[in-house]
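**Student:** Here's the letter readout for the chains.
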Amino acid sequence: MALTALDIYKKLPQTNCGKCGFPTCLAFAMQLANKKASIDACPDVSDEAKELLESSAAPPIKLVKVGSGDREIEMGDEVVMHRHEKTFYHPVAYALMVDDDSPDIESKVQATEEMKFERVGEEMQLDMIAIRSKSDDPAKFSSAVSAVKGKTSVPLVLVSQNPAVMEEGLKVCGSDRPLIHAATKDNYEKMAELAKANNCPLAVLEDSGLEELAELSKKVKEAGVEDIVLDLGKKPLGRLFQELTLVRRLAIKKLFRPLGYPVIMFAGGEGASEGLEAAIGTVKYASIVVMKEADRAIMYPLLTLRQNIYTDPQKPIQVKPGIYELNGPAEDSPVLITTNFSLTYFTVAGDIETSKVPSYLLVADSEGLSVMTAFAADKFTADTATELIESCGIADKVNHKKIIIPGQVARMSGKLNENSGWEVVVGPRDSSGLPKYLREYAGA
Amino acid sequence: MALELPKEKWVGKIGQVVIGALESEGGTRTSKVALGGATSLPFLGFEGEYPNEPPIGMEIFDVVREDYPEVARKPFEDVIDDPGKWAKKCVEEYGADMICIRMIGTNPEEENRSVEDAEQTIKELKEAVGVPLLIYGSGDEEKDAKVLEMASNVMAGERCLLGLAEEAAYKSISVATMSNDHGIVAFSNLDINLAKQMNILLTDFGVKLENIVMDPLQAGLGYGLEYSYSVIERIRLAALMGDKILQVPIMCGTARVWNAREAFKEDADTGDFTSRAVFWEATTGLSALLAGADALLMRHPDAVKHVKESVKSLHGGGEQ
Chain A
815 MALTALDIYK KLPQTNCGKC GFPTCLAFAM QLANKKASID ACPDVSDEAK ELLESSAAPP
875 IKLVKVGSGD REIEMGDEVV MHRHEKTFYH PVAYALMVDD DSPDIESKVQ ATEEMKFERV
935 GEEMQLDMIA IRSKSDDPAK FSSAVSAVKG KTSVPLVLVS QNPAVMEEGL KVCGSDRPLI
995 HAATKDNYEK MAELAKANNC PLAVLEDSGL EELAELSKKV KEAGVEDIVL DLGKKPLGRL
1055 FQELTLVRRL AIKKLFRPLG YPVIMFAGGE GASEGLEAAI GTVKYASIVV MKEADRAIMY
1115 PLLTLRQNIY TDPQKPIQVK PGIYELNGPA EDSPVLITTN FSLTYFTVAG DIETSKVPSY
1175 LLVADSEGLS VMTAFAADKF TADTATELIE SCGIADKVNH KKIIIPGQVA RMSGKLNENS
1235 GWEVVVGPRD SSGLPKYLRE YAGA
Chain B
2 MALELPKEKW VGKIGQVVIG ALESEGGTRT SKVALGGATS LPFLGFEGEY PNEPPIGMEI
62 FDVVREDYPE VARKPFEDVI DDPGKWAKKC VEEYGADMIC IRMIGTNPEE ENRSVEDAEQ
122 TIKELKEAVG VPLLIYGSGD EEKDAKVLEM ASNVMAGERC LLGLAEEAAY KSISVATMSN
182 DHGIVAFSNL DINLAKQMNI LLTDFGVKLE NIVMDPLQAG LGYGLEYSYS VIERIRLAAL
242 MGDKILQVPI MCGTARVWNA REAFKEDADT GDFTSRAVFW EATTGLSALL AGADALLMRH
302 PDAVKHVKES VKSLHGGGEQ
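Protein sequences, first through last, are from chains A and B.
Positions in the first sequence are counted from 1; adding 814 to them yields the numbering used here.
Positions in the second sequence are counted from 1; adding 1 to them yields the numbering used here.
A few of these clues could be false.
Claimed, not checked - Restricting the straight-line Cα-Cα distance to at most 25 Å, the calculated cross-link-like pairs of lysine-lysine (BS3-like) are:
no., chain 1, residue 1, chain 2, residue 2
1, A, Lys-1250, B, Lys-75
2, B, Lys-10, A, Lys-900
3, B, Lys-266, A, Lys-1048
4, B, Lys-8, A, Lys-1067
5, A, Lys-900, B, Lys-266
6, B, Lys-10, A, Lys-1067
7, A, Lys-825, A, Lys-879
8, A, Lys-1106, B, Lys-306
9, A, Lys-1250, B, Lys-197
10, A, Lys-1129, B, Lys-197
11, A, Lys-948, A, Lys-1048
12, A, Lys-1170, B, Lys-75
13, A, Lys-1098, B, Lys-313
14, A, Lys-1068, B, Lys-266
15, B, Lys-313, A, Lys-876
Since the hints were made in silico from the structure, they are not lab data.
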C-alpha cells in the first residue's frame, strides 16, 4: 500500500531544518506523499528510509518491455482492478506459438505477418511469435529461431526450459530482447544468467501455487534480473482465473512486489475454445496470451475485444468525421447525417446495414458527443452540418440534394436548408427506426 | 512466510430469483433455474458464495422477418416458422436452460398479430418445452399490456419472467406479473443510475425486489461492449458493497450482435463468416458474465455451446 504522509514523516530526521525547502519535516512528508517532492531534497535522510521511500514510489506492476525497435511491446504498469476506475493502459499482446520441429514454420509466420486488420482507424494484428522447442535440440531450435527472424520483426518468446537450448536460441536473437520462457525452480540460476548476459526479460514459471511462484520470482530478482514476467502454469481454467485476479490484487492493493509483474498465459483448448480462453485473459489481467492457432475468424473479434476493453473509459471514443459508404451506395442513394461519438456511429451504421439500403452516412465532428448532447452543446448545428456537407465532397457523389437528419434535431431543418441549399428530410427519432424508414424511403 | 491471499469481504448479497415451477409446485415445468445468489464477484467462489452456474437461455421469435441474419437462421431452418418446434430444438439439441420468446409480430406497426394468435403461440410453446419461459412483448406499450396480460394468465402457476419493463412503460407489465406471481425483467439503457431507477420505480409500484431481474443492455462486441462491461461491473460492485436496490440478478442478451453486420457478413479478410459470427456472439456473452451477469440469452447453438463450456470450466475454481 502507498505510504501516508505520517508513515513518511516517521522515517525523516524530524529536525525541521528546512534544507529541503519546506518549513517542517511534516510539510515535506506531505509533499512526498503527494509525489510533489523528491526524497533527494533531504540531505540528512538515512539510507534505509531512502530505499523504503523509493521502493514505495515504484509502480505496483513493473513496466516490462519485450522486443526492440518499433514493434517493441510494453506491458504491466497497470494501476486498477476495474477499467472504470481509471483505465487499462497496456493492451494484452497476442502471440502465435510455433514448434521448432514443425515443417511449416515459415509459412505460418508469413501468414501471421500478412494478417492485418483495420478497425475504427486502428491497425490491428498479432503482436508476437512464440517459438517452442519441442525437439529439445539446440541446433534445431536455433535454426527455427533464425527462420522466424527472417520473416518478422515482432518480439519473440523463446520457449524451452533447457538452458542449453535457450542459449543457442539467444545466440540468434538475444540482442532483439526476446522474452525467455521460462525459469523454473530447477533451472532458474542458469536462466537468470542467460537473461542477464543478453539483457532480456525472463518469465518465471511455477504452477504449484502463488506462494511458490512468489518465492521463485524473488530468487530470480536476487540473481539480478529486473524484467520479470509471471507464468502461473497449466491448470484448470477456473483456478487460473482466480489466480490471475489474486496476482493483480496482491500487486495493486498490497504492493506485494514478488508478484508485481505482468503475466503471460498459454490459452488452452482449440479453435473457439482457445479463443474464449484468450478472451478471458484479455478481460481479466493477462499481459501476453499465447495461442496455438491464429484463425482470422477468431483473431478479428478477439482484437476487437481488446480494442474495446482497453479504451479510456473517461474519454468518448470517436470515429473519423467524413463520408461513410454503407451497402455499396450509388449516385441516387440516400444521404444521412449523424455525429462522431463511436457508439452513435456504430448504432446508426448498424441499422443502415440492417436495412440493406445502399446509403451514404455523413459523420459530423461533434467532439465525440451523441446527437442530442451535441445539439444541446452547440457542437452539432445547422452551421456545422452545412460545413460538413460542403467540405466532404458528397455533392460530387450523388445526383440529388436531399439529406436525412436525425428526428431528434428536427428543429435544425429550416436553417440547414437555408444555409446549405439542401432539402432536409427528418428521419426517425431513434436509430432503431432506420431499417423500416429507409426501406420505405428507398421504395418511394 | 505464508502468503496471505487478499480475499474481499463483500457485505452485500445478490438476491436469488428462481424461474419455472415444477408439477409439485403447481406448474408443469420439468426443470427450473436459479439466477443470482452471489456474495462474490463472478467465478470467485473462494471468497464468498457463487452458488449458481449462470444459466444460458436461447431466444426465439413469434415471427421471423426477412432481414434476420442467415447465420442465425440456418441451424433452425426446418423449424423457424414454428416457435414450439424452434424452442424444442433449442432445448433438446442445444441444451438451452430456458427459452425466451420475443412476441415482435404483435407490434401494430408490423405484422400486428392479434392477442388470440399470440395466445395460441404461447400455449404451443408451453406444451413444447419443459424449461422455464420468458415472454417479451414487442415494445408497443398499448399492445404489450394486452399480450402480456394474456401471457401471464396462460402461464399462471408456471413462474415465468415477463419483459421488458422500461422507464416509460412498466405499469401494465408490472400488474401482469404480480397477478400471477411471475417475475419481471427491468430494462435500462447502458446506465447504472437508470438501472437503479427502474428497480425503484418497480418496487414503489408494488413489485417485490425478489421478483426483479435487471437487463442493463449488453452492447455487441465492437459496438460499445466496453460501456456495457463497465456498467454491469459497476452495478455488481455497488450491489456487493451494500446497495440493496441493486442486489438483483442481472440477465444479458447477445441480441445486439445480430444487428452488427460486421459480425456475420461475408468477408474473407476477417475469416469464415459463420465461425466469426459464432465467436462474436460467444465473446459478447462471456464478457457480460465476466463483468457480473448472472444469466444470458443467446441465439446461435454453437455460441451457446462454447459459452457453456467456458462457464463450466470457470465455475470450478475451487478453494484458494
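**Student:** With reference to the structure, classify each hint as holding or not holding.
**Tutor:** We went through each hint and held it up to the structure:
no. : hint                    : result
1   : A:Lys-1250 to B:Lys-75  : 24 Å, holds
2   : B:Lys-10 to A:Lys-900   : 23 Å, holds
3   : B:Lys-266 to A:Lys-1048 : 36 Å, violated
4   : B:Lys-8 to A:Lys-1067   : 11 Å, holds
5   : A:Lys-900 to B:Lys-266  : 35 Å, violated
6   : B:Lys-10 to A:Lys-1067  : 14 Å, holds
7   : A:Lys-825 to A:Lys-879  : 33 Å, violated
8   : A:Lys-1106 to B:Lys-306 : 21 Å, holds
9   : A:Lys-1250 to B:Lys-197 : 32 Å, violated
10  : A:Lys-1129 to B:Lys-197 : 24 Å, holds
11  : A:Lys-948 to A:Lys-1048 : 17 Å, holds
12  : A:Lys-1170 to B:Lys-75  : 19 Å, holds
13  : A:Lys-1098 to B:Lys-313 : 17 Å, holds
14  : A:Lys-1068 to B:Lys-266 : 47 Å, violated
15  : B:Lys-313 to A:Lys-876  : 33 Å, violated
In the structure shown, a violation is registered for the earlier hints numbered 3, 5, 7, 9, 14 and 15, in ascending order.
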